[in-house]
Every structure is written in C-alpha cells, then in structure tokens.
Amino acid sequence: MTTTTAAPGTPAAGAHAVPHTVSPGLWALGWKRLKSDHVGMVSLAIVAAFIVMMILSGVGLVAGDWSKELGVNYAPPSFIGADIEGGTPAAAGVAPGATAAGGPASSYQSSVVDPLADVLAELRGEAKPAAAAEADAADAGKSVDPLADVMADIKAGAAKAAASGGAPAAAVEARAPTLLLGGDKWGRDVLKKTIKGSQTSIFVGLAAAAVAVFLGTLFGALAGYYGNWVDDLFNWFYAVFSSIPYLLLILAVAAVLQQKGILTIVLILGLTGWTGTFRLIRGEYLKHKAREYVQAADAIGASHARRMFVHIFPNVSHVVLVQLSIYAVGFIKAEVILSFLGFGVPVDVVSWGSMLNEAQNELILGKWWQLAAAGTAMALLVTAFSLFTDALRDALDPKLKGRAGM
Amino acid sequence: MTAYIIRRLWQMIPTMLGVILLVFVLFNWVGGDPAYVLAGKISNQEQIDNIRRQLGVDQPMWVQLWIFIKQVLTADFGASWSTNEKVGHILATRLGPSLTVLVPLLILETLFAIALSLAVAYVRGSLTDRVVMIVCTVGLSISILVYIIVFQYFFAYKLGWFPVQGWGNGFVENLFVYSALPILIGLTVSIAPSLRLYRTFFLDEINQDYVRTARAKGLSENRIMWVHVLRNASIPIITNLMSSLPGLLLGSFLIERFFSIPGIGREVILAVERSDFPVIKAITVYVAFATMATNLLADLMYKAVDPRVQFK
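Just so you know, the sequences run in chain order A and B. For what it's worth, numbering that gives the first Met the number 0 labels the leading residue of the first sequence as 0, then goes sequentially. For what it's worth, numbering that gives the first Met the number 0 labels the leading residue of the second sequence as 0, then goes sequentially.
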C-alpha cells in the first residue's frame with residue numbers, strides 16, 4: 000500500500016532474469032541530488048557533527064563537568080597566555096570569603112580540590128536563591144564596577160555556606176591560569192560550556208520544530224482533506240494565530256506560564272509556531288485529495304484516516320522534512336533570544352542564550368572569549384543548517400525554491 | 000473599491016474575536032488567578048478576595064469575557080498592575096520613541112536593500128554576486144544579540160562615537176544622537192535577509208520578455224532596472240515589507256532594551272518580567288489589529304502599483 004522503493008531484486012527475481020528496472024523513488028533521487036551538492040554535503044556534515052555532540056553531551060560523555068571551576072576566574076584562552084591582571088584580584092577576593100566560612104572538607108567529591116566547591120555546588124542550582132542573585136547581578140551589570148558581580152556572588156555563596164555550616168578548608172590547588180577557550184566569571188571552561196549550551200539550544204530547536212511541524216501537518220491535513228467547515232475552522236485558527244506576531248505570542252505565553260524549563264520553552268515555541276507548515280500542508284492536501292491514486296484508495300475501501308496518512312502523507316513528506324529543517328533554524332535562534340532575556344531555560348541550565356547574557360557584562364571588562372565562543376558556535380551551526388536546508392529543499396522539491404521560511 | 004474595503008473590514012471581525020478569545024483564554028484561564036500575582040508574597044485571604052472582586056475574577060467566565068470585550072471596544076484596558084499607570088497612556092507615550100527608531104530604519108533599510116539587490120541581481124552569477132550572497136548567509140546566521148553586544152561595545156563604549164544608551168527629550172536629539180546606533184544595528188541585521196529575498200524577486204523578472212523588449216528599443220540599463228524591473232518586482236516586495244511591519248515594532252525590542260529606549264518593545268519585556276497582564280493584553284490586541292490593517296493596506300497598494308490587479 001505504501002509507496003515502496005522496492006529493493007533491487009530479491010533472489011527470486013534475480014533467478015528469473017527478467018530485466019526489470021525499478022525507477023528510483025523520491026528519496027533516492029533526492030539523496031542523489033543532495034550528494035552532488037557539495038555545499039549541502041559539507042553543511043550536512045557540520046550539522047551532523049553538532050547533533051552527535053549534542054547526543055554525547057546529553058548522555059554525559061562530553062562536557063559533563065562543565066560547571067567545575069577548572070581555571071582561575073576569567074582565565075584567558077591558552078593562545079593568549081595567562082593574564083595576571085585580570086585573574087588574580089577576583090581570585091584573591093574569593094579566597095578570604097571561603098576561608099572565613101571555615102569547616103572540615105566533607106560534602107564534596109570533586110577530584111579537583113577546590114576551596115569553593117560548596118559555594119559552587121550551590122550556585123549550580125540546588126540553591127535557587129544564590130542562582131537568583133546571580134541573575135540579578137547579571138541584570139544590574141550596567142555598572143562599571145568590575146567586581147560588583149563577583150562580590151554579589153561571594154556574598155550569596157558565603158551566606159549559604161555559613162548556613163549549611165560546611166565549607167571546606169582552604170586546601171588550595173592552583174587552578175589553571177589559562178583554558179583552551181578561556182574561562183568565565185567562575186573559571187568554568189568556556190569550551191565545555193559551549194558544548195553543553197549547544198546541547199540545550201539544539202535540543203530545544205529540534206524538539207520545538209518537531210512539535211510545531213507535527214501540529215501544522217496534522218491541522219493542514221485535516222483542513223485540506225476534509226474541506227468545508229473543518230477547513231473554515233482551521234483557517235480561522237490560522238488567521239488568529241498569524242495576526243499576532245510570532246515573538247509577541249511567545250512572550251505572552253512566557254508571561255503566562257510562570258515556570259521555566261526546557262519542556263516549557265519547547266511547548267511555547269511548538270504551540271505558537273505551527274502556522275507556516277499548516278498553510279503549506281493544507282495546500283498540498285487540497286491538491287492531492289483529488290488525485291487518482293486517492294480515488295483508487297477510496298475505491299478499495301480505505302478509511303479517511305488511512306487515505307490521509309498512509310496514502311497522501313508519503314507524497315507530501317518531503318515538504319514536512321524541509322519545514323522541519325527551516326523551523327529548527329528559526330527555533331534555535333528564538334531559544335537563544337528567549338534564554339538571553341531570561342524567559343527561556345532555567346538559570347541552572349546553560350544555553351547559548353544564557354552564555355551571551357553573561358558575555359554582555361564580561362565584554363565591558365575586556366573578556367571577549369565567552370561571547371566569541373557562543374557566538375561563533377551558533378553562527379557556524381545556523382549557517383550550516385540554513386545551507387543544508389536550502390540544499391535539501393532544492394534536492395527534494397525544486398518547485399519550492401525561493402520560499403524563505405520564518 | 001469601497002465595497003471591497005468594507006467587505007475586508009467585515010471579514011476581520013471573526014478574526015478579531017478569535018484574537019480576543021485567544022488572549023482571554025491565555026491570560027484568564029491558563030495564566031491562573033491573577034490575584035495571587037498581584038497580591039505578591041505578603042497576602043492574606045481577605046486581600047486576595049478584595050483584589051479578585053476589583054478585577055472581576057470572582058465573576059463567572061462569560062461575564063469576565065464580556066468585561067474584556069468591553070475593554071477592547073472602549074480601548075480602555077484599565078491600569079498597569081505594577082505602576083498603576085493607565086495602559087492607554089503607557090502605550091501612547093511609548094509609541095513615539097519606537098517610531099523614532101523604526102521609521103528611519105524602515106526607510107533606509109528598504110532603500111538600501113532594493114538598491115543593493117538590484118545591483119547584485121544585475122551582476123547575477125558573478126563573483127560579486129556569490130560573495131555578497133555568502134556574506135548575507137553568514138551574516139544572517141549570527142545572532143542579533145551578538146551584533147548588538149559587539150556594536151554597542153565598540154562604537155559606543157570603546158570608540159565613543161555614540162552614547163552607550165539613553166534617551167533625551169528633544170526629537171532631533173533623539174533621532175540623531177540616541178537613535179543613530181540602534182538604526183545602524185537594525186540596518187546591519189535586517190538588510191541581509193531582505194537583500195537575499197529581493198534578489199530572487201528581481202531574478203524572476205530579469206529574464207522576462209519585456210526586459211528584452213525594453214533593451215531592444217534602446218532603453219538605458221538604468222531605466223530598465225529602476226523602472227521596468229523594479230515596478231514589476233514591487234508586489235512581492237510590498238508583501239514582504241508590509242508583513243514585516245508589525246513584527247518590526249516588536250522586533251526592535253532587543254535593541255530598545257539594550258539602549259534603554261522607552262518604546263513599545265521594551266514595554267513588552269518589562270510587562271512580561273513583571274507579569275503585568277493588562278499591558279501585554281492591550282499590546283497583543285492592538286498589534287493584531289495593526290497586522291490586519293497592514294494586510295489590507297498591502298492589498299490596496301498592489302492595486303496602486305499594478306493596475307492589472309483586480310479586487311475580487
């Protein structure tokens with residue numbers, strides 16, 4: 000029943016030696032066209048590399064220890080060399096606070112002996128107040144005082160440490176003066192943060208695109224296939240959703256849903272973003288439902304649902320795939336902006352958006368590496384993804400050429 | 000023509016009702032009890048009951064919906080929850096700064112994008128064309144956040160060419176001193192996608208027969224490109240321009256936030272941060288109105304540009 004691209008010759012067919020040529024299906028043709036597109040293949044490789052990185056990071060094989068303070072505060076990238084001026088004062092400011100809190104080393108299992116492990120553990124998110132203070136400090140970052148942020152963190156951290164009564168003694172191990180791509184305010188490795196951040200951003204982009212495209216396809220299929228009042232209803236929905244600008248709708252939903260989380264942001268983006276796919280898929284279904292193969296399916300008694308999703312869907316699935324790819328790019332960008340504004344991922348999760356938020360204040364101090372790392376990683380992925388989308392669209396559906404999504 | 004406009008306005012009513020319903024469901028149902036948001040942390044049951052009575056949340060849903068529809072019809076959305084300022088007044092005072100940045104930005108962006116894309120389309124396939132397209136694709140992929148952060152740091156903080164942020168009282172001062180860098184950033188960000196899009200529009204036209212005819216009768220290349228091709232490509236350009244208008248008002252919210260420009264976009268962010276529902280509701284409804292109005296305006300402009308367009 001499905002449109003199979005019959006595997007070339009079962010043993011039985013081979014024995015008969017009937018010269019029967021199987022014309023290649025849409026996917027085989029599309030793949031062939033894509034393979035001859037060098038830009039598309041390179042982009043695909045880059046996108047695939049990012050996705051592999053996301054998966055490795057997701058299962059914890061890579062960058063699982065991104066929140067460890069491996070270097071000194073604001074450790075510069077290795078290719079620049081240690082920066083005595085920048086690193087020391089902040090580090091010196093931290094040490095007394097930690098020793099003052101005092102106490103036996105008990106509650107941390109970090110392999111690096113670190114005077115701030117407890118403080119860090121709290122900053123990492125078990126203790127929301129400290130994390131909230133961090134966000135506040137970041138917001139107030141317009142001030143020129145380079146130590147204001149650090150001091151706020153120290154205060155929040157020391158208060159917490161004093162309350163729990165178990166900060167470790169200062170068995171100081173020298174932290175790395177430089178890191179490969181530099182360190183952030185707490186000396187966390189920017190490279191690892193970027194990898195961990197890409198995990199969040201790419202996952203949100205892909206998952207939200209899947210939700211949006213699923214909804215758009217479902218609604219479009221129903222509207223296009225049934226027509227009449229179903230079509231009117233969904234068109235009304237479409238008119239309503241598309242008359243509110245996308246970002247405003249996202250912000251309104253973000254204002255209403257008070258809890259932050261990766262699932263929330265995936266739902267926000269997915270539930271508001273289905274309109275573009277809806278319009279395309281509805282058009283496709285309108286076109287296809289009158290075709291002969293659908294009438295034939297009707298004649299052999301296929302149900303509506305079966306005609307819609309078993310017969311017609313494979314014939315429009317290339318549109319869906321291209322939409323998925325277009326949406327993923329748009330949503331990765333949107334997630335970065337939302338997280339930057341603080342409406343996205345929670346504070347204990349790192350994403351490119353939250354990195355850019357930190358980087359904004361760091362740049363004033365001349366610490367440009369976190370901005371460069373997050374900005375470059377995102378630009379690389381988005382460029383590759385857009386080029387891949389173009390190549391995919393040209394390979395699968397040359398007629399769609401020039402239709403820019405979102 | 001008049002009949003067409005009236006019919007289009009009539010068709011807007013169900014959509015507008017839908018927007019009202021969507022906003023209502025979002026804020027009155029999904030959003031939970033606004034009294035708890037308003038009362039804050041120090042609240043007892045009595046206070047909450049009081050607030051509920053004031054807002055009318057203790058009424059049944061359909062009464063609340065009617066209250067909201069009345070608010071929309073009378074353009075009176077009450078007072079902001081956080082500053083107690085009238086929502087109408089907030090929006091009226093925020094519109095000016097937004098437009099001070101957006102109108103020059105829109106004009107410059109359209110002019111630059113059309114001129115550049117005409118030029119690039121004219122030399123299609125050349126090295127220049129390809130380099131410009133690659134630059135656009137890469138430029139498009141860099142987050143707007145990076146542009147704002149880097150431009151603000153270099154041009155305002157490091158080089159001191161522009162004020163880092165702020166807003167003055169005089170219009171001239173605002174336009175030429177405080178809006179200059181925001182407009183520059185807006186141009187940098189928005190030209191790349193427009194350029195790419197308009198180029199494809201021009202390429203669709205440039206191979207048409209009428210271009211060859213114009214060339215055959217000895218018209219100058221300038222006249223062919225700027226009059227014949229541009230006029231024929233203007234319908235998709237107008238569509239793109241008009242559909243980007245309402246989004247632009249909000250799209251600049253990042254810029255407004257970074258540069259402390261007291262505009263609509265910044266107000267949206269502030270309102271979301273403070274859970275200031277009346278302000279968000281009002282902005283959402285008004286912007287939806289504006290979107291529908293610009294769609295209608297775009298359709299009317301087609302007719303002005305292209306006499307072949309017939310209104311159904």
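I should point out that these hints are in silico values taken from the structure, not numbers from a laboratory. Every residue, glycine too, gets a C-beta built ideally from N, C-alpha and C. Take the hints with a grain of salt, since some may be wrong.
[Unchecked claim] Some, not all, of what chain A presents toward chain B, calculated at C-beta under 10 Å:
{"hint": "1", "residue": "Val252"}
{"hint": "2", "residue": "His303"}
{"hint": "3", "residue": "Ala304"}
{"hint": "4", "residue": "Phe312"}
{"hint": "5", "residue": "Leu380"}
[What the hints assert, rightly or not] Just the calculated beta-carbon pair ranges, DEER-fashion:
{"hint": "6", "chain 1": "A", "residue 1": "His37", "chain 2": "B", "residue 2": "Leu158", "range": "55 to 65 Å"}
{"hint": "7", "chain 1": "B", "residue 1": "Val24", "chain 2": "A", "residue 2": "His303", "range": "27 to 37 Å"}
{"hint": "8", "chain 1": "A", "residue 1": "Val38", "chain 2": "B", "residue 2": "Lys216", "range": "47 to 57 Å"}
{"hint": "9", "chain 1": "B", "residue 1": "Lys302", "chain 2": "A", "residue 2": "Met40", "range": "17 to 27 Å"}
{"hint": "10", "chain 1": "B", "residue 1": "Arg230", "chain 2": "A", "residue 2": "His303", "range": "43 to 53 Å"}
Here's how the hints hold up against the structure:
no.	hint	result
1	Val252	7 Å, holds
2	His303	27 Å, violated
3	Ala304	27 Å, violated
4	Phe312	28 Å, violated
5	Leu380	8 Å, holds
6	His37/A <-> Leu158/B: 55 to 65 Å	41 Å, violated
7	Val24/B <-> His303/A: 27 to 37 Å	29 Å, holds
8	Val38/A <-> Lys216/B: 47 to 57 Å	40 Å, violated
9	Lys302/B <-> Met40/A: 17 to 27 Å	46 Å, violated
10	Arg230/B <-> His303/A: 43 to 53 Å	47 Å, holds
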